[in-house]
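**Student:** Here is how the chains run, residue by residue.
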Amino acid sequence: MDSTIASILLLDGLTNGAVYALLGLATVLVFTVTRIIFIPQGEFVAYGALTLAIFQTGKVPGTVWLLLLLASVAAVMELFSRWQHHRSLPIALKAALKTLAAPVAVSLLAIWAAPQQWPLLAQAAMSVAIVTVYGPLVYRVAYQSLESATPLVLLIVSVGVHFALTGLGLLFFGAEGFRNPSFWDDRFNLGPVAISGQTIIIGLTAIALIVLLWLYFERTLRGKALRATAVNRTGARLMGISTHASGQLTLTMAAFIGALSGLLIGPTTTVFYDSGFLIGLKGFVAAVAAGLSSYPGALIAAAFVGVIEAFGSFWASAFKEVIVFTLILPVLLVRSIYGHNADEEH
Amino acid sequence: MKTFKTLIAVAVTALAASAAQADVKIGVSISLTGPGSGLGIPMQNQFKLFPSTIAGEKVQLIILDDATDPGKGAANARRFVTEDKVDMIIGSSITAVAAAMTDIASEAGTVQLAGSPVGVPAGKDKWLFRLPQSNTVMGHAVVEHMKEQGVKTIGFLGYTDAYGEQWLKEITPLLDKAGIKIIATERFARTDTSVTPQALKITASNPDAVLIVASGSGAAMPHMAMVERGFKGKIYQTHAAATQDLMRVGGKSVEGAFVVSGPAVIAEQLPDKHPSKPVAIDFVQKYEKAYGPNSRNQFAGHAYDAQVVLEKILPVALKKAKPGTPEFRAALRDTMETMGRTVFSHGVMNWTPADHWGYTLETGVMLKVVDGKFKVE
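Chains as they are written, first to last, in full-length UniProt numbering: chain A, 1 to 346; chain B, 1 to 377.
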């Protein structure tokens with residue numbers, strides 16, 4: 001191995017690492033606020049990339065129909081629980097309509113826009129919008145009524161949601177994969193290494209998103225409310241912060257990050273309906289390495305996972321996944337020896 | 001009272017007789033969900049076009065999904081032999097699943113017509129017949145072509161699963177015999193986000209050609225990675241990649257690729273003297289009439305060939321025994337072993353007691369991707 005190969009591998013690893021970092025951040029975010037280990041994170045990646053791929057063919061993606069279905073279920077659940085609570089039809093109807101509003105608006109726009117062959121960027125924005133509104137609906141349908149359950153129960157629900165979304169993905173997108181067109185085709189030669197425009201987009205988007213997240217949590221009231229929920233749920237509720245709203249907001253952000261990651265990797269690899277799981281799992285490894293609590297930790301760990309994966313594929317491609325996932329063992333060992341098991345109090 | 005008893009006896013005999021003349025039941029277990037669904041769904045499409053009667057006998061297909069799960073496949077096979085009492089099992093479309101069904105089928109004395117190239121230890125395939133070509137038959141065509149092209153060294157870039165492993169195992173002796181060396185062996189998975197490191201390593205060892213062992217749209221990514229890394233040698237693809245998906249995903253990058261294939265998917269282009277030409281054209285026309293232009297698929301072709309088998313063996317077996325009996329199942333097996341030269345859409349099949357693979361070495365056809373289409377080399 002010479003320095004050329006090493007630098008190409010490093011670049012490849014960091015590019016993938018940037019995507020894992022985004023997913024790792026989303027995993028940390030969801031866990032700290034809701035205590036859900038959010039396995040379906042990867043499905044949003046596949047949904048984002050494949051929704052764009054179907055838009056490219058000029059058809060209405062199946063995700064739109066699922067969105068409408070999911071929104072109806074969520075609306076009925078909302079109607080029912082509000083009715084039980086307030087015994088007032090106007091309040092219940094208003095809540096249900098509020099749940100329906102965004103998904104229906106996005107779906108109608110998508111159905112109208114699909115045959116018009118919009119430019120790539122507009123279709124990309126459309127895809128992100130569709131997948132993002134999945135976030136609160138998934139929370140409403142699958143998690144909200146179990147909010148105060150133990151992390152184990154929430155984990156089991158996550159596994160169920162993961163299987164449901166993967167199966168539906170097969171139904172909508174078929175078994176074959178898609179590759180999206182590149183957002184930026186130019187290549188730049190930096191010495192021996194050729195950097196593609198897409199790589200630059202991935203890097204910049206990852207950095208921008210991380211900065212935005214930081215600003216959001218430090219500077220906005222809602223961001224601070226989420227942090228408060230993460231620190232102490234009961235305390236936050238006493239301060240008038242709704243845990244329902246926090247959960248839905250968190251999953252909206254997670255879905256947004258997932259969909260964006262999907263658009264980022266869509267042009268660099270072939271995405272299948274089940275591609276998301278493994279990508280999400282690598283983000284999860286990074287998140288676990290960071291103790292499911294530290295954002296900068298997850299970021300560094302994700303870059304590390306990406307680089308290890310690249311070098312592992314070069315030296316022993318048959319054992320690549322083994323190498324990546326074995327990494328988590330020493331980390332867990334160190335964490336359980338030196339950690340204070342603070343998570344158990346929940 | 002006596003007349004009543006006689007009546008019952010008559011009724012029972014009549015019922016038994018009608019049961020004995022029951023339909024021919026065939027249990028089909030294929031992967032309609034899970035990672036192998038890309039292969040199982042086209043087979044199911046073809047089975048939907050199956051005739052309802054063959055040789056004047058009603059044929060009932062019971063299609064179950066095995067979810068690309070060997071455990072589920074075994075459970076399906078168990079259900080076929082105990083509850084449905086089928087006369088023949090077809091499936092699975094995935095090697096690992098089909099292998100899990102083999103023991104159950106042979107225990108029950110039921111023919112298993114696998115839609116995947118299942119390798120089992122010698123002597124264990126008494127009841128097992130395969131519809132697809134063995135990798136050796138396909139590998140033969142690849143190696144012959146490499147010899148013609150003057151290839152001396154190759155790199156291997158394959159799936160980390162049974163498909164990749166079997167290809168490597170079966171093509172290595174063929175390559176040895178031809179004096180071609182494998183100088184790099186790299187693996188990847190279908191859902192990997194990048195194959196750049198593996199492509200780098202192969203490019204660094206600079207072989208004359210690369211053999212990519214992958215299926216469908218999954219075969220495009222490694223191909224593109226090799227091209228992107230500036231690999232100038234020849235790139236070969238296996239028969240699982242011989243679908244339009246390779247070009248749909250790979251686009252310009254897969255131009256000039258050599259893809260080995262069964263004859264079915266390139267029916268029209270086959271030379272007139274190729275025995276499979278009329279059968280393959282019949283398959284392609286009927287399938288594409290139902291599922292749209294360019295929907296043809298290697299695995300749908302295997303399902304079509306299952307029908308060819310049944311049309312040939314059912315008339316013979318029906319003379320020997322009644323459907324639903326062990327004798328009938330044994331008759332099916334014996335007839336398959338002795339049916340002789342039979343033209344499939346995928347080549348010429350000749351099962352014998354010693355060989356349950358059956359295809360001749362001339363079956364594999366080498367294609368080249370030219371302007372986004374397959375052309376016979």
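These are computed hints drawn from the structure, not numbers from a lab. Using N, Cα and C, we set each Cβ at its ideal position, and we do this for glycine too. Treat the hints loosely; a few may be bogus.
To spell it out: a stretch of chain A is covered by chain B in this simulated footprint if at least three of its residues, at any positions, have a beta carbon under 8 Å from a beta carbon of chain B; those stretches are [claimed, not checked]:
| # | stretch |
| --- | --- |
| 1 | 48-62 |
| 2 | 175-186 |
| 3 | 207-217 |
| 4 | 315-326 |
**Student:** State for each hint whether it applies.
**Tutor:** So, going through the hints one by one against the coordinates:
no., hint, result
1, 48-62, "violated (count 0)"
2, 175-186, "holds (count 5)"
3, 207-217, "violated (count 0)"
4, 315-326, "holds (count 4)"
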